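Q: Could you put the whole structure together from the sequences, leaning on the hints where they help?
One letter stands for each residue in the lines below.
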Amino acid sequence: MDDSTVRIPIGPQHPFLKEPAKFDFDIHGEEIVGARMNIGYNHRGIEKACEQRNYYQCIYLLERVCGICSHSHTTAFVQAVEEIMKLEVPRRGLYLRTLVCELERLHSHLLWLGVAAHEVGFDSMFMLVWRDRELVMDILEEMSGNRVNYAINTIGGVRRDITDAQHKNILKTLGILKQRLDYYVHIGTSEPSFVGRIKGVGKLPAKRAAEMCVVGPFARASAVDVDVRRDDPYAAYRELDFKVITYDSCDIYGRVIVRVGEIVESCKMIEQLLTNLPEGDIVAPKVSRKAPAGAAISRYEAPRGEDVHFVRANGTEVPERVRVRAPTMANLEAATESVIGSYVADIPIAIASIDPCFSCTDRMAIVLRDRKKGTRVTTWEELRRYGIDWYGKNKGIRF
Amino acid sequence: MEVIKPILYILIFPGFAFQFVFSTYLEWIDRKLYARMQNRRGPLYTGYQGILQPVADIFKLFFKEDIVPAGADRFMFSLMPVLGLAAVVTAGLYIPVWLFTPYNSFEGDLIVVLYLLSIPTLALFLAGWFSVSPFSLIGATRVLTQLFAYEVPFFLALLTPAVVAGSWQIHKISVFPWTSGAWWVIPIQVLAFVVALLTLQAKLERVPFDTPEAETEVVGGPLTEYSGKKLALFRLQKDVLMLVGSAFIAALFLGGFSGGIWLGGLQLLVKTIFIVFLLSVIRAAFARIRIDQIVSFSWKYLAPVSLVQLLIVLILKGNGVF
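Line by line, the protein sequences give chains A and B. Just so you know, the first sequence maps onto residues 1 to 399 in my numbering. Just so you know, the second sequence maps onto residues 1 to 322 in my numbering.
Do not rely on the hints blindly, as some may be mistaken.
What the hints assert, rightly or not - Listed next, the stretches of chain B that the computed footprint assigns to chain A, with coverage defined by at least 3 CB atoms under 8 angstroms from CB atoms of chain A:
1) 30 to 40
2) 266 to 278
3) 288 to 297
Claimed, not checked - Now the stretches of chain A that chain B is said to cover, found in silico as 3 or more residues with beta-carbon under 8 angstroms:
4) 12 to 26
5) 73 to 79
6) 114 to 120
7) 127 to 133
8) 267 to 273
Derived from the structure by calculation, the hints contain no laboratory data. Predicted model only: the values in this text are computed from it and were never measured. Glycine included, each C-beta is placed from N, C-alpha and C at the ideal position.
A: Here you go:
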């Protein structure tokens, strides 16, 4: 680092970060020459908490891993558990599960499009896209009773069926949504000032993307053709007709193209699911509360990329180990690297282009060494004492 | 009476009191229009339809804690908000309101106004420079870079009506279309009008030219460390700058505010709001462009366009059309 290089800290609190994370960028004028990231501000101990709850309680806990892809985590988990229990899920259950998956992808991608527009100061698009995202939220609310944590998954199927009236209503709302989406797809891919900001920015070459094992739309925009829905089909995807959208520009523009393409594909899939919805039960009968000893890995294509859950059962009601690998974990390092060479102005949109979700990703932060006192770690009591002393000395406040 | 009059001009009209009321009103209009364009409601609760919200914002800031960062230059840090506001309010005294010549109008006041309108930008730059925070520093350098991009096209655009009227006095320029009878000089200056609008938007640091204070990139830009009264003064400065800027563009390009107290006052209201409406449309229709894109856009498009406009006007004037 020479004299003309300035290190700017971004985070843990910064307007562009929706959740705490720390980035340090070395900048030379306006150009970024170095980048580092540090996560661990949001650890909640969900994996450990799962080991103290039974399988049904775990579903509701894992639903709260992420506020956007809540259905993704529960689906990945119940799929793993179903595999261990060797359960056969009824077709209607699978279809409804997939329906919620695709609705979730729809609202997640719309949310991302709004956030991306906001990061480059295009607030009009942000507001309008988020207005129409409400339509999807309404559908989800009507289906499940909840806007965010749908709580629709259960081991062996889903918890709620849809009626004919709901069926009609969803198709009607989807019709309105599709008209509006056409407009956003057009704006998102052709508005000159927006495209000017995202074209050629945040480059991640295809080779590097494959090396760093990136997943989801981030990988597909770098011409890495991966999609769990097609490569390792789960739920009802085997019976659906859809395209995997890829693009080879390797920049943020590509990520927009891929995501808006997926929005359109999701709409098509939802229509297919609704028209081909089979009759029958929605949940497997007689599900045991205990899982036999065994282990399973479940892969799931969340809106942000491949979500992996590992579950090990030991014959009791409680899982022995649950491991969650959220898609942001796979993408974050590559995203930080892709910023190098861009301008300071591109930091927010480049980091946001992976649709980061830090609370899903954060696991554990251990302070190995206290900077001032060598190896000691500041305890809570010391921290409290320091705060009281500081305010007493500097502000004259006595506690 | 002769002693009191200038003081009234400075304090009441068209000085501080008038500018405070009118500029906060314009900010409300801008916020409402911007909100409606985004399918939102905008401010609603303070006063009728939230009309007092900008005033409430400023008063709220006045009662907030005022912090000067430990490493900052205390004197410069406190001076800059006052300097910036003083400069724009002074520039506002030259708005050619209604029929009579403003009391301090003189041949060449256009240049004084242009000079005064550059001071807030410099104040903003120095404010960021002396607050010693990385975000402020980046914001400050962007302020200055942007100044070099838009200032020349801005001057060239405002030169056009001056050339048309053959005068450097704002009052004379504004009444020229009516006194000379050649009202059609207004439509032929449309290119300069567009350039002036865009560069005013850049001067106000609003989308698409809001790089210096892009919140998602550099937090608050030069104003990151400001709080309380000083921030309130900067906010007020921005409002008054919007009023003064749009009033001057209305005076120079849209035929001024002649016709007596009532008609002139009405024209001031309507024309200024029209300019603010256009500024809101620009703000709602674009994404924020990068600083390098601003510089190349200004020099590749805005400057040549304003030169072409100047050439058109010079040719017409050389042939004695007006």
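Q: Of the hints stated earlier, which fail here?
A: 2, 5, 8
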